[in-house]
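Keeping their order, the protein sequence lines are chains A and B. Residue numbers for the first sequence follow this note's numbering, beginning at 27 and rising by one. Residue numbers for the second sequence follow this note's numbering, beginning at 82 and rising by one.
These aren't lab readings, by the way, just hints derived from the structure by calculation. For clarity, every value in this text was computed on a predicted model and none was experimentally measured. One or more hints might be untrue.
[As the list claims (entries may be wrong)] Simulated restraints, written as ranges between beta carbons of each label pair: (1) Q382/A / S98/B: 49 to 55 Å; (2) C199/B / P482/A: 50 to 56 Å; (3) A420/A / V247/B: 35 to 41 Å; (4) R86/B / G188/A: 55 to 61 Å; (5) T291/A / A137/B: 34 to 40 Å; (6) G228/B / A378/A: 48 to 54 Å.
For each residue, glycine too, the CB sits at the ideal point set by N, CA and C.
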Amino acid sequence: MAGVADWLDRRTGIRGLLHHALDEPIPGGARLAYVFGSGLLFLFLSQVITGVFLALYYVPSADHAHTTVAYIVKEVSSGSFIRSLHVYGSSAIIVVLLLHIGQTILFGSYKRYRELLWLAGCVLFALMLGMAFTGYLLPWDQKAYFATAVGTNILTELPVIGAWVKQFVRGGSDLGTLTISRFFVAHVFLLPAAIFAFVGAHVWLFRKAGAAGPPVPPRPGTTESFYPRQVLMDVAFTAVLILALGLLAWFVPAELGPEANAADTRFLPRPEWYYVPVFQWLKYWPGERALLGIVIIPAVLAALFAALPFIDRGSERRPWRRPFSVGGFAVVMAALVALGVQSHLQDERDPAIARQLTVQHDAVDAFMAEPFEPDVAAGSLRVENAALANPVAAHGKSVFGAQGCDACHGDDARGTDSAPSLVGVAGKYPNGQLRSLLKTPNARMSDGGMQPLDAPDPDVDALVAYLESLK
Amino acid sequence: METRRSFLGALLGLGTSAVGALLAIPLARFSLDPLWRTTSQVLWSDVGAAADFASASAPVKVQVAIEQRDGWRTVLSEKPVYIVKARDGRPRVLSAVCPHLGCSVGWNDTKGQFVCPCHNGAFAADGTLLSGPPPRGMDELDARVEGGRLQVRYQYFRQLVPTREVLA
Chain A
27 MAGVADWLDR
37 RTGIRGLLHH
47 ALDEPIPGGA
57 RLAYVFGSGL
67 LFLFLSQVIT
77 GVFLALYYVP
87 SADHAHTTVA
97 YIVKEVSSGS
107 FIRSLHVYGS
117 SAIIVVLLLH
127 IGQTILFGSY
137 KRYRELLWLA
147 GCVLFALMLG
157 MAFTGYLLPW
167 DQKAYFATAV
177 GTNILTELPV
187 IGAWVKQFVR
197 GGSDLGTLTI
207 SRFFVAHVFL
217 LPAAIFAFVG
227 AHVWLFRKAG
237 AAGPPVPPRP
247 GTTESFYPRQ
257 VLMDVAFTAV
267 LILALGLLAW
277 FVPAELGPEA
287 NAADTRFLPR
297 PEWYYVPVFQ
307 WLKYWPGERA
317 LLGIVIIPAV
327 LAALFAALPF
337 IDRGSERRPW
347 RRPFSVGGFA
357 VVMAALVALG
367 VQSHLQDERD
377 PAIARQLTVQ
387 HDAVDAFMAE
397 PFEPDVAAGS
407 LRVENAALAN
417 PVAAHGKSVF
427 GAQGCDACHG
437 DDARGTDSAP
447 SLVGVAGKYP
457 NGQLRSLLKT
467 PNARMSDGGM
477 QPLDAPDPDV
487 DALVAYLESL
497 K
Chain B
82 METRRSFLGA
92 LLGLGTSAVG
102 ALLAIPLARF
112 SLDPLWRTTS
122 QVLWSDVGAA
132 ADFASASAPV
142 KVQVAIEQRD
152 GWRTVLSEKP
162 VYIVKARDGR
172 PRVLSAVCPH
182 LGCSVGWNDT
192 KGQFVCPCHN
202 GAFAADGTLL
212 SGPPPRGMDE
222 LDARVEGGRL
232 QVRYQYFRQL
242 VPTREVLA
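Here chain B stands alone, though its shape is the one from the complex:
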């Protein structure tokens, strides 16, 4: 009698645990959802018609509308970027955020240099570091041309380090 009781008890315990584990699967999937979703997805933002930048001789400043997904909402913001031409003529997009302390770098047409107004960091027209406190050149953003439109993936980079590290 006693063994039958404990056998039944073990069977019940086992069955309950199995059903419980089964029911926990959707709950786990539900709560872990943000882990296998790139929530702060960086989407491609439109910069303008690629042809518009082909003829420019100096870097062109463009305000890009950035759309970022944050769970159930999107955050829209405008960020300044510079379009410069690579040697092969294809457009490169540089972030205007100074890699030193994050001030907004401006293009100085008379000097033919990018100059950061905060600590006088200077960069060449292609973004390489010329002088001043910044630890590296201006950060290049991923860019592509789709259907004649120049698109950019806007990202932030860690400041004060010599290499370009993407911030999440």
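Chain A on its own, in the form it takes in the complex:
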């Protein structure tokens, strides 16, 4: 054993490296308050590993993204578990990140020679929020689509370049397959590469400055090395994270909703919990004031946050002597929580919203309960379209799209949350009944939002032929 270690050390200098890593002095000794940085590093690595594995099956394109995620969730062994780890891991990163920042602000450990360390941390914070935002779209389900539509719309509030930036981010004026490609590249290549680089810089700058220790200068002789007690605390915290994520992913697997349908105008977008306060905040800044609320105030807050070590420069680190930084952070956090609660209450109190949210929730449950439905490969003969060999029925399908029937009844007339499937409908209404129902819907159909068909006779005939072909 010692022989192998000597052999390795001669060639790699591993002992010196380990010594350097483990014998870092911690003024005032090990503390549970210092575990969050290591916890974040673990969570980031977990995201990298689960992310790479998810990429074994995921396809970043509008026609396959949702199917491949459904395949992962419903068919692949441990697929739902690994995706859930990835989904909940992103939330865990936000929670631990806030704890890490809170500890740093409370202990005043951004001071004296640690300004760049703090700035590198700020960049990492922004990159992580970017990861959360770009990753959210990739499953291409209803909530991913509509939340990202809202999220990217905010960009238009930027003065002068807003509209252009939105188009650049979306890869066009609307969300589509190019948006998925862009978000995928950012989520999988660009942002992780930047995070690796800034984690490296953050750790390097941390080791250069040394551990800050407690706010009150510690008694002499209390300095401890990183190993063993701090390592044990870090490991214990990581074990808690693994356990919590594992139990959550196992017992409450992350859900996947029905595929994005841009024509569903009733869908109420709601972002992931950590973006809910921002979502609520946007509601208070309509029209002209939007620039102030959506661009200027957040930009000022972000600038103040990043500039903290340059503003709060004294050597005082005790939190009760630094009311501006500690109080300011506490106020912003409390405001975010209040906004989140407010958003939740508003959704609960408005019966129309509550009803629609229940419909959406039920749609997710229904989709999760359905067995996996594979995509039909492009260029292969579609059995359902074989019926459309009849040119009149084929024209009927285009009428179906042109009249907007697909908006409620779905692309293949197989139904959506808003309207039932039309497969087999011709059997229910034979001998011209179907034709008259299209022109004058019955009371139940009208209540459901069905509009009378106003089209020239040949188009109506074609539409009926198409509906008859749906079996």
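Start from chain A and add chain B according to the hints.
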């Protein structure tokens, strides 16, 4: 002190490895999933009502819609097959792909033979090789009758070999 440190180190290393191995189980299951799944599953395809073929005296050509699973997608295609009657009257299904070089074999009613248009391979009405370059007779596909419907499992076979070998 030094022994306590290295004991703790060994304990940590062991614990970390154990947890790591535990976490690797779902990852291994996830990545190995296609191995214990027959991804290119050959599904049973409908040929038609079994009764329709009972009365036919000559081989009947049918286009069969074939559905194959390929991971998260299905590939649908149409393949020609011939339905012939075995001596006991039960339907047999022959692939129209010539075992020589894969051309599409046709039924010649006047000759009462299957003839391959590419190199003049000839087969009897039951698919056995009569003459020409093909190394074996026409390939029989797995067939069954379920609820009065004739079904077939369409597969491809290796060409230019004397025995019938299924291609994956």
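Taking the hints in turn, this is what the structure says about them:
| no. | hint | in the structure |
| --- | --- | --- |
| 1 | Q382/A / S98/B: 49 to 55 Å | holds (50 Å) |
| 2 | C199/B / P482/A: 50 to 56 Å | holds (52 Å) |
| 3 | A420/A / V247/B: 35 to 41 Å | holds (38 Å) |
| 4 | R86/B / G188/A: 55 to 61 Å | holds (59 Å) |
| 5 | T291/A / A137/B: 34 to 40 Å | violated (56 Å) |
| 6 | G228/B / A378/A: 48 to 54 Å | holds (49 Å) |
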